[in-house]
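Chemist: One line per chain: the protein sequences are A, B, C and D, in this order. Counted from 1, the first sequence has number 90 at position 90 by our numbering; the numbering is strictly sequential. Counted from 1, the second sequence has number 1142 at position 142 by our numbering; the numbering is strictly sequential. Counted from 1, the third sequence has number 2288 at position 288 by our numbering; the numbering is strictly sequential. Counted from 1, the fourth sequence has number 3265 at position 265 by our numbering; the numbering is strictly sequential.
Where hints are given, some of them may not hold.
Claimed, not checked - Beyond 12 Å from chain A on every Cβ pair, some chain D residues (computed):
hint: 1; residue: E3047
hint: 2; residue: V3069
hint: 3; residue: A3091
hint: 4; residue: V3109
hint: 5; residue: Q3125
hint: 6; residue: P3215
hint: 7; residue: I3257
hint: 8; residue: A3271
hint: 9; residue: D3289
hint: 10; residue: A3304
hint: 11; residue: S3316
hint: 12; residue: E3324
hint: 13; residue: G3339
hint: 14; residue: V3340
Said to hold, decoys possible - Listed below are the simulated DSSO-like cross-link pairs for lysine-lysine, each with C-alpha atoms no more than 27 Å apart in a straight line:
hint: 15; chain 1: C; residue 1: K2008; chain 2: B; residue 2: K1008
hint: 16; chain 1: D; residue 1: K3103; chain 2: D; residue 2: K3143
hint: 17; chain 1: D; residue 1: K3008; chain 2: A; residue 2: K8
hint: 18; chain 1: B; residue 1: K1103; chain 2: B; residue 2: K1143
Just so you know, the hints here were simulated from the structure itself, not pulled from any lab data. Here the structure is a predicted model, which means the values were calculated and not measured. Note that the Cβ used here is the ideal one computed from N, Cα and C, for glycine as well.
Listed here are the chains, written in short residue letters.
Protein chains: 4
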Amino acid sequence: MSASTHQKVLGVAIAGLGRLGQRHAIQLARRTPNAQLVAVCSPVPTELEWARDTLAVDGRYDALSELLVDPLVDAVILATPTSLHADQAIACLRAGKHVFVEKPLSLDVAACEAVEAVARDCPDQVIMVGFVRRFDASYLEAKAAIDCGDIGTPFWVRSQTCDRYDPDGFFVGFAATSGGIFMDCAVHDIDLARWFLGNPQAVRVFATGMIAMYPDLAVHGDVDNGLAVVEFDGGQRAVFYVSRTMPHGHETTTEVIGSGGTLQIGMGAHASRVAYRHSSGVSHRVVPDFFARFEQAFQTEMVAFVDACRGVRPVSLTLRDATEATRIGQAIALSLTTGVPVNL
Amino acid sequence: MSASTHQKVLGVAIAGLGRLGQRHAIQLARRTPNAQLVAVCSPVPTELEWARDTLAVDGRYDALSELLVDPLVDAVILATPTSLHADQAIACLRAGKHVFVEKPLSLDVAACEAVEAVARDCPDQVIMVGFVRRFDASYLEAKAAIDCGDIGTPFWVRSQTCDRYDPDGFFVGFAATSGGIFMDCAVHDIDLARWFLGNPQAVRVFATGMIAMYPDLAVHGDVDNGLAVVEFDGGQRAVFYVSRTMPHGHETTTEVIGSGGTLQIGMGAHASRVAYRHSSGVSHRVVPDFFARFEQAFQTEMVAFVDACRGVRPVSLTLRDATEATRIGQAIALSLTTGVPVNL
Amino acid sequence: MSASTHQKVLGVAIAGLGRLGQRHAIQLARRTPNAQLVAVCSPVPTELEWARDTLAVDGRYDALSELLVDPLVDAVILATPTSLHADQAIACLRAGKHVFVEKPLSLDVAACEAVEAVARDCPDQVIMVGFVRRFDASYLEAKAAIDCGDIGTPFWVRSQTCDRYDPDGFFVGFAATSGGIFMDCAVHDIDLARWFLGNPQAVRVFATGMIAMYPDLAVHGDVDNGLAVVEFDGGQRAVFYVSRTMPHGHETTTEVIGSGGTLQIGMGAHASRVAYRHSSGVSHRVVPDFFARFEQAFQTEMVAFVDACRGVRPVSLTLRDATEATRIGQAIALSLTTGVPVNL
Amino acid sequence: MSASTHQKVLGVAIAGLGRLGQRHAIQLARRTPNAQLVAVCSPVPTELEWARDTLAVDGRYDALSELLVDPLVDAVILATPTSLHADQAIACLRAGKHVFVEKPLSLDVAACEAVEAVARDCPDQVIMVGFVRRFDASYLEAKAAIDCGDIGTPFWVRSQTCDRYDPDGFFVGFAATSGGIFMDCAVHDIDLARWFLGNPQAVRVFATGMIAMYPDLAVHGDVDNGLAVVEFDGGQRAVFYVSRTMPHGHETTTEVIGSGGTLQIGMGAHASRVAYRHSSGVSHRVVPDFFARFEQAFQTEMVAFVDACRGVRPVSLTLRDATEATRIGQAIALSLTTGVPVNL
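Please model the complete structure; the sequences and the hints are all you need to start from.
Modeler: Following this line, the structure appears as structure tokens:
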């Protein structure tokens, strides 16, 4: 990273303007200091129009190859379908751009490793995978507490990603390509477990699951509620629960158990600091979805990426983390299919 | 208290078989070791029948004077109307019986003092006023923590007795004789404030209130929501909130603020350890009334009384505490009526 | 059950006066209406002396066979070592006594079934296994809510029995005979999962675990933290976490997830209704152990047993439930040892 | 407000670069879309240097009169001492600038009304007082719920502003000019009470207080713990508790009690979504101060002001609200001094 990079505003482009891409675009256009959203790329004309009308973005392309030759672009955010992530990340790196790629890096371990190989050849470029929960203030507090020894030696992680039941079953349409519930949801939990446990080596996994509410998942071999266990080489364990059928909202939580204490993150999924008292009892509202829960973290994540590109501070997660998350996630998916434990 | 008392089972009688009297009767008949419910007294024939049929009590009287000559009676529980408490307590003492009298001891300070005078002449007899919240496990934990210095020097108490809104307005019928909302409800909070603050002397009070839901209270000069402040001679303050109109249940809470910490008792008024998650949010159920909240404390209180009568351990509260609660409560009631602070 | 049984006080004996036996003895002697503790049995002379001195029990035996011929004994509580439960239960039944036997009924499924066979021959005698958590007010509230359809169709249970870390490792001494952590602790959770899910048939289990704090467990093939999954025939899942190493206290919780809601029991393990505010934050104290958490439930359980013996109301759990808990628990223990899923 | 205003970026200046002024400056420079921090004003040279070095602000003045002739300045943020607010606000208005003035508008009701009079002559200019808690997401949720009838008719507000104990007693140095604890802290609570209750007219107040930890306050007639009651013309009541001595952090809460429900905002003052379990119990950390608690609200507030200046949407609070807060606050301060209720 050259010293000059440090001084100037970073020109950022976004490829993919679906739900998540649009959120990144708004973050970059309005709330990320030292960055400017200079270009967008999407094969969908209405998405490009949205970027023009809402965010006044001048550079608008329907192909990544065109965007990569735009000289104003210093860095690219890849919010495209997962199946494109690895190849696009490589293309960006080869075009000399910094890259932020949404999770998972790929459903294929070999593809992850291919990106790693190219990245090793581009040591001055930043490449970062969007494990956004690492940038949430509560997860950061927990990590700092653990690093200070607050809970002794951590040896067990319980983590869950549970989405609110969607009567429309929006996600079912993606079941064919998402890699299944574990790759889609638990990949965050896998990454967090490794992070909190100090990056132990996974040696064996087991998974089980069932369909409670979405029978259409059966044709894809997918489930709407699942559990996975990971055994690590130091004896540590991680347990993941994933669900698409929560009645109340998005309750994503993580518990870390150590020899001197435990900590829990996110229990209750409070939408705010308001508590209600009615004849039915005492209650609070719940965050409806991942975006509402991690709105601040998405912002912090983007700031971290921009800071890294500008040489202000290094990124805290590596491509190796992303590859490991895929490797473990795919073993879990295999165990779900075969019904037996899978060795890594 | 003679040594022989210690050995034998205590014969207990109950005068007054209204809601609270019946509860005491059941406690004594079924769940109080070393005590036997030997007699009851009520002017209401159906109440005496209830005691015979449900609890198989042999001694049944329609006048206290008759009950007091029953040789099986060692101790009397007075759960009669407040206006009778003082005279009946004196009669019991003079008959050589131990006495447990429901709070308040009297609405009249002079009557309280008259009981004190008689009690001084009967040093071998126990007399105890039913400030049941002092026997609740959480209040006891708080008191022990404060006595250990856990919150430094306590200097401010906030306490509330808030009843669930009753569409039938059952309590309105008692407004003429209850002494008003502060004497009826806040007398517990007054006693607790003195207990937690180390029995400082009250020097001035101020009260205000309003009618939110029960217009029929106006003719009695009573309110359904009220606030009172007590200033003590050491500078300490106590603030009481009383309400008859809570939508969710009985939320009786106390907060003690000290120089090194604070503690809160009863917040949330959980009916159990169950939490629910529905599309409307996360919730828990609430205790419906004073009896549900303090069921265990009523039991502990009765055990403490029986233990005291049997010489096992002394009572932790004095008649002086009861007199002070009435003195402060009546000053608060006066301030509510006159609208100005009242000096004590 | 004869009508006459209904009228008289039940004569109860207790065999086994260890920690749990003594608690049952105190409950029966002091807080269980319509029952009288008439006899105890223990091979340990000091335990018999304790029963004489503390509870004034007249019938004291060092062998169960002697106790069983005591005509005052209507019912026997077996709080003896697990290895004796089945044979002793059979002996009690054959002697014409009602039986309450602590969990687990046996570590051996065949022994459980032998008890079932004898019990079928004694239809007028009550036999009940001590799944105490079924008698806890919060678990009962949850069951009632589920039965009312409050959470729709329940399909997933997460339940844990987590003990506070004991520096003395008291429990390690029992590791050789306890049947391992799952039979010792999770047997409650297994029973609860079947109860909440409507008694589905378990078809497969998987378990994993590790030793975090007690290396001496290794020689017994036991662990101090473990996880087990049960797959039921209707697709339902149950997940159990057991731990001996919690830093804060005994946190035993259960979560039931349904199509229309979820509920959680016991989260936070509050010791009381007191919350503290200090410079270190806001906190509450935690129940230290199973006894503190389930003190009321032990009382309710004993009342339920006495009521059943006296014909007042039937028991809510069956010997079949106890056999199933052992069958599932043993399969889990086998999976822990072999490392592979076990079919039932 | 002209249509053209809508289009352009708002040029904003800040007068006063103390703790709060610096925070506003950072917000405007980095996180407020459609605004540019074009100038600052401070009599303290190092503060001007800070603005130059940290935020690269070109316009730097040591007198407000100079700043007001800078043609780049469309709007002025007044974060100056309270005693200057009213005169400076008038000067800004007369110079044709929009004005944001920190709370309280003035300690003097007549001065507030003078600002109101000038503002009436400048209908095209925005003037807004910094009642930041109105812009907190939780307070907004509560207000929306109340406006929807969620708690029926609100009739009682309990609100508190409680600061963490500061061993250095930083605030004591301001006691001479702050207007006392109620004007300094409770002015927010006063404003919120009026907002939630639908702007009833205050008719009488009463206050009491004591010094628990800061004896130096005595010379200023100030207290470090205080309570105030406000009686409104419709019978509604508001109760405010203010404290400088909380051991755990900044716990600012508000409770609104209505005929059909109640709601509470901010209880527990959670610093994050993390809960800890240690041998001492279950705990969470607490926000240390007002800035940490209301960081997001400060941002939202500034966005609201900029939007109002640009004609996007009107401000939700009026100068009349600020005048009323001062009027009630000063009556409370008088009651604290005189010891008697004060009529308004």
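Chemist: Are the hints correct? Go through all of them and say.
Modeler: Hints, verified against the model:
1. Every C-beta of chain A lies more than 12 Å from that of D:E3047, the closest at about 21 Å, which supports listing it as non-interface.
2. Against the 12 Å criterion, D:V3069 stays outside the reach of chain A, whose nearest CB is about 30 Å from its own CB.
3. Every CB of chain A lies more than 12 Å from the CB of D:A3091, the least distance being 32 Å, so the non-interface label holds.
4. The Cβ of D:V3109 lies farther than 12 Å from every Cβ of chain A, with a closest approach of about 33 Å, so its non-interface assignment holds.
5. D:Q3125, annotated as away from the interface, keeps every beta carbon of chain A farther than 12 Å; the closest lies near 26 Å.
6. For D:P3215, the requirement that its beta carbon stay farther than 12 Å from each beta carbon of chain A is met, with the minimum near 34 Å.
7. Not every beta carbon of chain A lies more than 12 Å from that of D:I3257, the smallest distance being close to 9 Å; the non-interface claim is violated.
8. A beta-carbon of chain A comes within 12 Å of the beta-carbon of D:A3271; the shortest separation is about 8 Å.
9. With a closest Cβ-Cβ approach of about 16 Å to chain A, D:D3289 is found to remain outside the 12 Å limit, as its non-interface label requires.
10. No Cβ of chain A approaches the Cβ of D:A3304 within 12 Å, the least distance being about 15 Å, so the stated non-interface status holds.
11. No Cβ of chain A comes within 12 Å of the Cβ of D:S3316; the nearest lies about 18 Å off, and the non-interface call holds.
12. Once the 12 Å rule is applied to beta carbons, D:E3324 is consistent with being away from chain A; the minimum gap is 25 Å.
13. With a minimum CB-CB distance of about 35 Å to chain A, D:G3339 clears the 12 Å threshold, and the non-interface call stands.
14. Separation of D:V3340 from chain A is adequate, the least Cβ-Cβ distance of about 35 Å exceeding the 12 Å criterion.
15. For the suggested pair C:K2008 and B:K1008, the alpha carbons sit about 24 Å apart, so the restraint of at most 27 Å is met.
16. The straight-line distance between the Cα atoms of D:K3103 and D:K3143 is roughly 20 Å, inside the 27 Å bound, and the hint therefore holds.
17. Straight-line distance between C-alpha atoms of D:K3008 and A:K8 comes to about 24 Å, which keeps the hinted pair within the 27 Å bound.
18. Distance hint between B:K1103 and B:K1143 is fulfilled; the C-alpha atoms sit about 20 Å from each other, no more than 27 Å.
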